[in-house]
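Kindly generate the complete structure, drawing on both the sequences and the hints.
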Amino acid sequence: MKKRYFYLIIVLTCAIYVSLFLRRLKPSTAITTSMSKEDVSSNELRSTETIENDHRTVEMFQRKLKGASSTTESHGEATSESLPSNEKDVTLLTRKKMELIDNIFQKKLDSEGSTTESQRETREYLSVVGKGVTNNEKENVKRTTTDMSIRQWTTDDKETSTTDHFTSSKPNEKNSSLKDDHSTDDFQSTESSSQFSTDESSESPDVTEDLPSGSPDTDDRDIQYCNPDSIYRKNSFKFSRKDVSCVPVKASEKSCKWAEELYHPDKKLQKCDPAQVVEICWAEGGGYRCSMESCMSHGKHYVMVWKVNDKNGKLEKFRWFNVVKDLEKSLSVISRMTQREGFGFLLLQCVNMKEKESESKDLELGQLLILQPTYRSGKASKETVNINLLWVDSVSRSHFYRSLPKTINTFENINRDKSTKTEILDFELFQAVAGHTNHILHGLFTGNLFPKDATKNEKQVVEFGAFFKRFSDEGYRTLYHDDLCYEQVWGLRLNLGTPTTWKDFKRLLNANYIDSTGLTFSSCHLLRHNGIDTPFNGPQDRSLCFNGRFMDAYHLTFNHHQHKYSVEQQNKLITFNVICVGHDDKGTRIQSIDQDLLHYVQKMSEVKNTLTLVFADHGNTYTSYAMGVQGRFEQFHPSFFMIVPEGVQKSLGANIMNNLRENQVKLVSIMDLHKALVALPRQPQSIGLFGEIPNERTCNDLPLVFPNFCVCQNWSTPLKNDQTTVHFLHFAVGKLNEEITKSQNDISQNGLPARCKLLVPTSFDFITERINGKTKVTSFDFEVPSGNFVTEKYERFHVEIESLTLVGGSNSLKMKLVTFDRISPYGPYRACANKNANIKLCICDDENTMIRSSRRNRIKLSKLDLPNRTTMKSVRNQPCLLVHKIVYPDSKKNGFHSIAYHIINKCSNSFQVTLLFGNKLVNLRTSTPLPFRGALRPYRAVFMGNIVRLKKVERVVEPKVKVKVLKL
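For any residue, its number in my numbering is found by taking its place in the sequence shown, counting from 1, and adding 4.
Straight-line alpha carbon distances no greater than 20 Å define the calculated DMTMM-like cross-link-like pairs of lysine to aspartate or glutamate that follow:
hint : residue 1 : residue 2
1    : 724       : 787
2    : 797       : 787
3    : 318       : 491
4    : 271       : 598
5    : 654       : 421
6    : 797       : 769
7    : 889       : 869
8    : 797       : 869
9    : 254       : 769
10   : 590       : 537
11   : 321       : 368
Keep in mind that the hints were calculated from the coordinates and are not lab data.
Following this line, the structure appears as structure tokens:
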């Protein structure tokens, strides 16, 4: 009997849901063409009034029916004694309700003048609702009605909606009273879960109500796949762009087509799997309201609360509940305790009797509950500027435009909206100071690059302390949170210096003046829920979701709530939020946050005294597009947008605002941003980004970590990758192999097989040259074969070599390997590399040792597809030592361009080898000062040096070589 009334309510409430949808349908053009505008308006008005009156009558019967059945449940649990005594009364109410519903639909369809196929199917559904249908028939009709559903968005923060990710996730106000009774009304359950993408309509909801009035539709702007224009400017400049020296690098038509092929919109990435979505509790009126509906629908009758244990940093089970009122009361206490400890969330889980007693750490059927801020009111003045730094990792300016078109359009809508003074700034020439995150983070928070002599471990520590202390001393709360698992290599733990104990972790948080970590400690679970520990290498072709919602939507919601509450309570606040959804190996997953980000931008534009920065560290580094020349430029051209509400504009002043507007088209970097931000806690000053950036600035005027690509044209000169430049490749690969050999020697001495192989170049490209006085820097990429541990065929590296432009009496170019970088992903090689190997240089197989691979490749030191003559001769008295010489001839047969010398040791002994040249080197230059020297261990090969012909000399004579050997 209990089930009978339950299913009856399900059917009835689904019918009402359909009626709400049809009320939003526009009148058909078939009738409006034959009627005057006045007639249409009056008919629509009468029809609407009649339908609304009928709908109120339906709601009255709904309440009566609810009153007849609500006594069947108490705190989510039904009893057989509480079933309605008069079954006929309930049936009568049901029939009357169905007649009224059918009447509503009939009037609606008649007023529209025509009946579409979907409407006819809807009427068929209503006609069979009260007659009893099979489950299969119900499902077929429900699919039709679901396809027509429209998600509603509300702009009023006081009117909460479950579909708005940036308000509290409580159910629709009309049904909240029913929720209070802990009923299991399926109509409300459907409403409350409508915030999750469950069908095609929910992928692209009607969001025009959430945009400024009079703004164009979000689909009006075409996607710009490369060379994007600026967004619409709210205020013009006082000078011409022609006065700025830096002109941005433009992508070729071929690169643009490639970008369009790779990054067209993917609908699969724009929705989450709605399976097993639960909504247990939500924020309401300063407290929390809960319902057992979601849990009971999955056969679970308990709620387990998980929180971070402040004594060990682990997310653990805290307490279970089976009475809703107890849960609601306890959440307020647990919330305050959790936030005092510096965390901003709880995890709620539906469990049964067995699961609540289990020691399992798996958290299925869980809800991430964002806690309402509880800190006390402050005394911030009207001139106080709160800071909101949203760091969207690995998204270039072009990639932002091509992947987040709805957000770009929202920027434009705000700037075009004359009813608000909020202004969006788009910095077109934002130069990355480095190619990796921690270098740039260090620049943002300290204003400096890492010292050149800093160790690898020292280059991981961001040093937040001095920056956050400036704000903390002025009464600001400081909040850092990211979406990376702190237990893994990357994220907050690495940024703090890789503490090994929880005690050290907390000490470093305090030392860096970080008051709260927000949602950071939820990331480990959310990532593992998606089958990964880090977002960098997966999952493939799908978004990162939890409980039917995008993972980073939680961060955006939390971030907005914090700033909105701070304004209301007159608190000072600075937040730094890192989102790594864009840091994947394909570059497409960033599309998943477009819908949530556009709403976030809209909401933050309304927080009057908060300066919001949406910016990136660099472009994506590991995609196939990043392997191309335009992708390399994009890597060092990150996105940077600034949301400046009216209150912030007043606090900054007219002079700073004018500087910011002009700096949008000038060359700027993260160092300029640092200088501007550190002055904000006390008094904004016209320095850094807030100051006047010189029009003549170029990349030579910026502190940069190399390798680096300048976003300005003509910073470097392209060269050909042929016989005239191949000597740079041999020198670079030779020096890198020396590093590999040195690392492997230490491993071999400990009795372990050395697994990382020597690099054997197959090609080189993107070669450029920039001259700086007496020296020049030559940069290029090269590829080598991959190990069999990965599926890719080649690994790509980038190097920069410094050499003299004017050679003195030594005839040496004095080449020096300035820096190198690995462009292709190297993380997978950790599984086969030796423990202390330089993983950035390692290429290994799943079974071969370095000795085996060295013997196999002892002659194949180069696989370049360039004309050359390769010879190999044994050294006198040491036949197991071979002089390997590669000559790159001149195409005009006037001698050679360059010669590369290697020594191969096939012996079981070690040697010190010296190369001497018997005759004087006329019109020739050497890579390093003579003589060439090298130390060889058994079964190793070593690069000795290059001989290079002067470019203006027509013909040269190949020098004779003498070898001097010393046994070690």
